[in-house]
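K.L.:
Each chain is listed here by its residues.
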Amino acid sequence: MKDRAVRGIMRLARPAACGVLLLLLVPGCTPNNPYRASERGANIFYTTFSEPPKHLDPGRAYSSDEYDLIGQIYEPPLQYHYLKRPYTLIPASAAETPGPVYYDKNGKRLRPSAPAEAVAKAVYEIKIKKGLAYAAHPAFAKTSGGAPVYANLTPDAARGINEVKDFPIKASREAVSGDFVYGIMRLADPLVECPVLPILEKYILGLKEYGDALRADLAEIRRQRKEAAGPAYNQDTDERERPIILDYRRHKLPGVEKAGAYTYRVILKTKYPQFIYWLAMPFFAPVPEEAALFYAQPALAGKNITLDRFPVGTGPYMMDTFNPNMEITLVANREFHGETYPTEGGAGDLEAGLLKDGGKPMPFIEKIVFKLEKEAIPRWNKFLQGYYDNSGIGTDSFDQAVSISAGGRAELTGAMKAKGITLTTSVRPSTYYAGFNMLDPAVGGYGERARKLRQAISIALDFEEYIEIFNNGRGIPAHSPLPPGIFGYGGRAEAAIDPYVYDWDPARKRPVRKSIEDARRVLKEAGYPEGRGADGEPLVITFDNPWTGVDSTPMINWYIKRFKLLGVQLENRTTDYNRFQEKMLKGNFQFFSWGWNADYPDPENFFFLLASSNGKVKYQGENAANYSNAEFDRRFKQMENMDNTPERMGIIAEMTDLVQRDSPWVWGFHPVAFGLHHRWVSNVKPNAMANNTMKYARLGAAQRELLRDEWNRPGWGIAAAAAAAAAVITGGAYVLARRRGGTAADNRGHRPCSPTS
Amino acid sequence: MFSYIVRRILYAVPIVVGVNCLTAALFFYVNTPDDMARKILGEKNVTPAAIENWKAGHGYNLPAFVNAKESGLGTLTQTVFFQKSAPLLWLDFGRSDRNNIDIGGEIKTRMWPSLAISVPIFIAGLASELFVAMMLARWRGTLLDLWGLVASVVMMSVSALFYIIGGQYVLGKYLMLFPISGYDAGVHSIKFLVLPVVIGVISGVGSGVRFYRTVFLEEMGKDYIRTARAKGLGEGRVLFKHGLKNAMIPVLTNVVVSIPFLFYGSLIMETFFSVPGLGNFTIDAIQSQDFAIVRSMVYLGSILYIVGLILTDISYTLVDPRVRLE
Chain A
-18 MKDRAVRGIM RLARPAACGV LLLLLVPGCT PNNPYRASER GANIFYTTFS EPPKHLDPGR
42 AYSSDEYDLI GQIYEPPLQY HYLKRPYTLI PASAAETPGP VYYDKNGKRL RPSAPAEAVA
102 KAVYEIKIKK GLAYAAHPAF AKTSGGAPVY ANLTPDAARG INEVKDFPIK ASREAVSGDF
162 VYGIMRLADP LVECPVLPIL EKYILGLKEY GDALRADLAE IRRQRKEAAG PAYNQDTDER
222 ERPIILDYRR HKLPGVEKAG AYTYRVILKT KYPQFIYWLA MPFFAPVPEE AALFYAQPAL
282 AGKNITLDRF PVGTGPYMMD TFNPNMEITL VANREFHGET YPTEGGAGDL EAGLLKDGGK
342 PMPFIEKIVF KLEKEAIPRW NKFLQGYYDN SGIGTDSFDQ AVSISAGGRA ELTGAMKAKG
402 ITLTTSVRPS TYYAGFNMLD PAVGGYGERA RKLRQAISIA LDFEEYIEIF NNGRGIPAHS
462 PLPPGIFGYG GRAEAAIDPY VYDWDPARKR PVRKSIEDAR RVLKEAGYPE GRGADGEPLV
522 ITFDNPWTGV DSTPMINWYI KRFKLLGVQL ENRTTDYNRF QEKMLKGNFQ FFSWGWNADY
582 PDPENFFFLL ASSNGKVKYQ GENAANYSNA EFDRRFKQME NMDNTPERMG IIAEMTDLVQ
642 RDSPWVWGFH PVAFGLHHRW VSNVKPNAMA NNTMKYARLG AAQRELLRDE WNRPGWGIAA
702 AAAAAAAVIT GGAYVLARRR GGTAADNRGH RPCSPTS
Chain B
636 MFSYIVRRIL YAVPIVVGVN CLTAALFFYV NTPDDMARKI LGEKNVTPAA IENWKAGHGY
696 NLPAFVNAKE SGLGTLTQTV FFQKSAPLLW LDFGRSDRNN IDIGGEIKTR MWPSLAISVP
756 IFIAGLASEL FVAMMLARWR GTLLDLWGLV ASVVMMSVSA LFYIIGGQYV LGKYLMLFPI
816 SGYDAGVHSI KFLVLPVVIG VISGVGSGVR FYRTVFLEEM GKDYIRTARA KGLGEGRVLF
876 KHGLKNAMIP VLTNVVVSIP FLFYGSLIME TFFSVPGLGN FTIDAIQSQD FAIVRSMVYL
936 GSILYIVGLI LTDISYTLVD PRVRLE
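Protein sequence lines, in the order shown, are assigned to chains A and B.
First residue of the first sequence: -18, per the working numbering; consecutive thereafter.
First residue of the second sequence: 636, per the working numbering; consecutive thereafter.
Everything labelled a hint here was simulated from the structure, so no lab data went into it.
Backbone N, C-alpha and C fix where the C-beta goes; we use that ideal spot for every residue, glycine too.
Errors might be hidden in some of the hints.
Stated by the list, open to error - From chain A, some residues computed to sit far from chain B (all C-beta separations above 10 Å):
1) Asn13
2) Arg66
3) Glu77
4) Pro81
5) Lys146
6) Ile180
7) Leu274
8) Glu356
9) Gly426
10) Trp539
11) Ser593
12) Ser663
13) Leu717
As the list claims (entries may be wrong) - Computed list of lysine-lysine pairs in BS3-like fashion (alpha-carbon distance at most 27 Å, straight line):
14) B:Lys808 x A:Lys400
15) B:Lys880 x A:Lys564
16) A:Lys599 x A:Lys433
17) B:Lys679 x A:Lys189
18) B:Lys857 x A:Lys355
Unchecked claim - What follows is a list of derived Cβ distance ranges for each label pair:
19) B:His823 x A:Glu32: 18 to 26 Å
20) B:Phe700 x A:Ala97: 49 to 57 Å
21) B:Ile800 x A:Ala515: 48 to 56 Å
22) B:His823 x A:Ala97: 58 to 66 Å
23) A:Leu566 x B:Gln922: 17 to 25 Å
24) A:Arg223 x B:Ile800: 44 to 52 Å
25) B:Ile800 x A:Thr324: 33 to 41 Å
26) B:Phe700 x A:Ala515: 47 to 55 Å
27) B:His823 x A:Thr135: 31 to 39 Å
28) A:Gly159 x B:Leu902: 46 to 54 Å
29) B:Gln922 x A:Gly656: 23 to 31 Å
Throw the hints in and build the complete structure from the sequences for me.
P.N.:
Put into structure tokens, the structure is as follows:
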């Protein structure tokens, strides 16, 4: 009996031991490899996303994580040059960069430098490239009679279809100007819920009226359906079973017109030079009407197969797998019209090897895999194991990755250098600031006393310290709303510093924040000696924020501590984001903290945050401080529609002086993004404006496999020793128990048992 | 038994409706449709017109519970509560507020990864907890029992997060035996499941052993055990055949009610291991204030709870012939 058992164990143990031995001996056996064996050595780029993208519809997507995906798929008319700085627009799907033609109210053509008041119409004629083709898609599949293959799909016909790639028949077609026009018309469709429609309505001729007409059409359709269904009408169920497709041709949109198969025009009702930047966003990418109709079939919508999840574009990549809960994969678009890697770049690009692939056809990478990684620790560790090709640097892993030299320069640590990891840094076109409610009787207003109060607080809030503590030094203290890289940014030159907060150190040729004594002095001049008002009571200011993260308490404490240095009490009022928004909208706050990420690299996109026409309380705009200064507004009106001329630079300097004096914001800082990539990834240059950068990247898959194998040798020996130790301890305990304790039956014979013993 | 089950299901209807009412009331009074729209539309360019358009598109422009503008039945049916809650009765979960996805389809897809983790943890965890508990009860009062108890108390006192991060560090990062996180479809998911299952079992074993040991100790002192021993049965048979069978009522009370919730998955485990299950789905919905998903998951939770209780009652009749459901 015993022998049989032993023989049985041996029978099982032998193959298991052989398997383990094989794992140890076979090169490249890395049991922690999260990818399939078939992917080994393949030209696949692995990266991550931390939360599922909400929308991939080009008319609706607006966040950076969404642009990381659709930027590779859709091709708007323009794109940012990958290497050149300052950011330069070049054609993408357009044949050339369009320039506006201005007309006055009598239809007379004006010169390009015409003042905005004289311009009644600005026409952008956009010529698109010939031969632009959409990635193969079932929406384009046609029968021999020319009818769509996949029209009127029934649930039975759609059985077994879970993704677009499951359709057996696919086809492509050329993108023409009508698709660009259709894409712009869609922006006004209330079902698309375009987030930038309020902005575009201000500029594109007739877009507002067109949107109103579509909204009325939609309301009428819903009203009719409701009337037909009676009290049982359920909008959600009804529109799932019978999706509404609005007829865009019922109304005319005068601001967009087709002018041939490869040309269309966008007509603005005013001079708006920044419009050119909008042409680099996916909102203006071509959308084929066939795709919109294809996805509007209930059998597909019920399976979550929609344009919002499965884009159809002409770009270098196409959607392969869309599983936002696990992974999203893009593959090279075989129909891509072809584009070559840039042959010229910015200073230092040649030396950095960034021009080696100049003139070669893109994309270089066959497939991009975006893996869902919600937590920073696993994401970081998998990057270190070589399973992700790039990574950001979280606060937790900052010290492991980067050391700051005595000169304040960020450098990789020895461990990172040993792995051949490369660090890239770039200042983001963003501004994080703290602001005052200018409508508040205590901290707001434009009198000398209120100004000085805000200036004193601006001095006390030492953002150099803040950046060191909370951002690991990854930031540049701000002196105005404009971040580096934006026209009008004065840098850290003497003339550009905020003279109310900083002094100029001629010896070190750099701005130095005024001392806390200076701040106290200014506060005293404001009528608050040692932070106390005329009644002798300490000044109390409330601080509204929606912070709930790990760092939130230390950050709030930092603010409180800095205010305390002035003798001012900062009362924290953290709420959830909804309450915070509500307070901001109603003006029920004194002091807050917020940030702004540029839509496009133009000073107008930052200064509008302080224009009174954009006031949060009055107009529900983005001017959260509710700053209102007629002088500033006048200059803003002048500046917003100007080209980047010295005159514009002068106006920006005047505007900066005004807001520095009034101090509606404590300027805060401009964040610096740190990125890491492995040695096998090349052609990497951070570009904060471009969202289509994956086509430029190249990777050495063979080198990656070798290094992955080297870095991921499993600790079988330790694991076996640990298992043996656990077995010995358990066996020992068992033997000891038998020897010393006897059996439960023995014990139980002598004493009653209690369930709680 | 059939009439009992029917009666229990009928009792469940007001509970489910009540849960629905409470969820809707809480959501609307804590979080108005305007708040939801603002949160979902993002931080930029959220104009009053955009909010109104979003509300109209998602049916949140109706009054919450009573529509005075309508007449007859419409006063009740043309309300947010009715429009959103009535279809739930026939398990039509509708579309999510955040990105218009079909919630029912998403639940069907996501329940499999949740089950792939929770079922092995449940089975292996229960088996190991019962086994260890019986061993401790068997050698009660010995060093094995003492140290087993100490180990159980220590293990149940440690946060689940510690096990996850520690397990990922030791087994995934340091020993490199398993992928640190991730998931894959079909048979490829196995290598991703080992680590979370091992961690799930270890993290639950402490409290389980403590509970089942107590249950077994109570059984071990009973007369039928003494009788079994007296007639010469081996200790293994006494424990596993007689002891375990008679300890099943408290075991089932603890276990069966949690079976339906295996669909729900584990919130923390799925987040840390990037497993695309329902736990992750719920967390995402709460964070993004997607009322449609939260409402659906709460509703599903209430149904699963009731199903769990009914299953528990039924299971009693299977292990104890004295129990009759009438």
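K.L.:
Does each hint fit the structure? Answer for all of them.
P.N.:
We went through each hint and held it up to the structure:
1. For asparagine 13 of chain A, the requirement that its beta carbon stay farther than 10 Å from each beta carbon of chain B is not met, with the minimum near 4 Å.
2. Arginine 66 of chain A, annotated as away from the interface, keeps every beta carbon of chain B farther than 10 Å; the closest lies near 25 Å.
3. No Cβ of chain B comes within 10 Å of the Cβ of glutamate 77 of chain A; the nearest lies about 30 Å off, and the non-interface call holds.
4. Under the 10 Å C-beta cut-off, the non-interface status given to proline 81 of chain A relative to chain B holds; the minimum distance is some 23 Å.
5. Remark: the non-interface label on lysine 146 of chain A is consistent with the geometry, its nearest Cβ contact in chain B lying 14 Å away (cut-off 10 Å).
6. In this structure isoleucine 180 of chain A is not separated from chain B by more than 10 Å, as the shortest Cβ-Cβ distance comes to only about 6 Å.
7. For leucine 274 of chain A, the shortest C-beta to C-beta distance to chain B comes to about 17 Å, beyond the 10 Å cut-off, and the non-interface label holds.
8. With a least CB separation of 5 Å from chain B, glutamate 356 of chain A falls inside the 10 Å interface cut-off, contrary to its annotation.
9. No beta-carbon of chain B comes within 10 Å of the beta-carbon of glycine 426 of chain A; the shortest separation is about 27 Å.
10. In this structure tryptophan 539 of chain A is separated from chain B by more than 10 Å, as the shortest Cβ-Cβ distance comes to about 23 Å.
11. Here serine 593 of chain A stays apart from chain B, with its beta-carbon at least about 17 Å from theirs, past the 10 Å limit.
12. Serine 663 of chain A, annotated as away from the interface, keeps every beta carbon of chain B farther than 10 Å; the closest lies near 26 Å.
13. Annotated as non-interface, leucine 717 of chain A brings its C-beta within 10 Å of a C-beta of chain B; the closest such distance is 6 Å.
14. Distance hint between lysine 808 of chain B and lysine 400 of chain A is fulfilled; the C-alpha atoms sit about 16 Å from each other, no more than 27 Å.
15. Between lysine 880 of chain B and lysine 564 of chain A, the direct Cα distance comes to roughly 62 Å. Violation of the 27 Å bound is thereby established for this hinted pair.
16. For a cut-off of 27 Å, the pair hint linking lysine 599 of chain A to lysine 433 of chain A stands: about 25 Å separates their Cα positions.
17. About 19 Å separates the Cα atoms of lysine 679 of chain B and lysine 189 of chain A, which keeps this hinted pair within 27 Å; it holds.
18. Distance hint between lysine 857 of chain B and lysine 355 of chain A is unfulfilled; the C-alpha atoms sit about 51 Å from each other, more than 27 Å.
19. Judged by the Cβ atoms, the range 18 to 26 Å given for histidine 823 of chain B and glutamate 32 of chain A holds: they are separated by roughly 24 Å.
20. Evaluation of the 49 to 57 Å hint for phenylalanine 700 of chain B and alanine 97 of chain A yields a pass: the beta carbon distance comes to about 51 Å.
21. Separated by about 55 Å at the C-beta atoms, isoleucine 800 of chain B and alanine 515 of chain A satisfy the suggested range of 48 to 56 Å.
22. Under the hint 58 to 66 Å, the C-beta atoms of histidine 823 of chain B and alanine 97 of chain A, about 60 Å apart, fit the expected range.
23. About 22 Å separates the C-beta atoms of leucine 566 of chain A and glutamine 922 of chain B, a value consistent with the hinted range of 17 to 25 Å.
24. The hinted window of 44 to 52 Å between arginine 223 of chain A and isoleucine 800 of chain B holds, with their beta carbons roughly 50 Å apart.
25. Between isoleucine 800 of chain B and threonine 324 of chain A the CB atoms are about 48 Å apart, so this pair departs from the stated range of 33 to 41 Å.
26. At about 52 Å, the beta-carbon gap between phenylalanine 700 of chain B and alanine 515 of chain A stays in the expected band of 47 to 55 Å.
27. About 32 Å separates the C-beta atoms of histidine 823 of chain B and threonine 135 of chain A, a value consistent with the hinted range of 31 to 39 Å.
28. Between glycine 159 of chain A and leucine 902 of chain B the Cβ separation comes to about 48 Å, which falls inside the hinted range of 46 to 54 Å.
29. At roughly 26 Å, the beta carbons of glutamine 922 of chain B and glycine 656 of chain A sit within the given window of 23 to 31 Å.
Violation of the numbered hints given earlier is confined to hints 1, 6, 8, 13, 15, 18 and 25; the remaining hints are satisfied by the structure.
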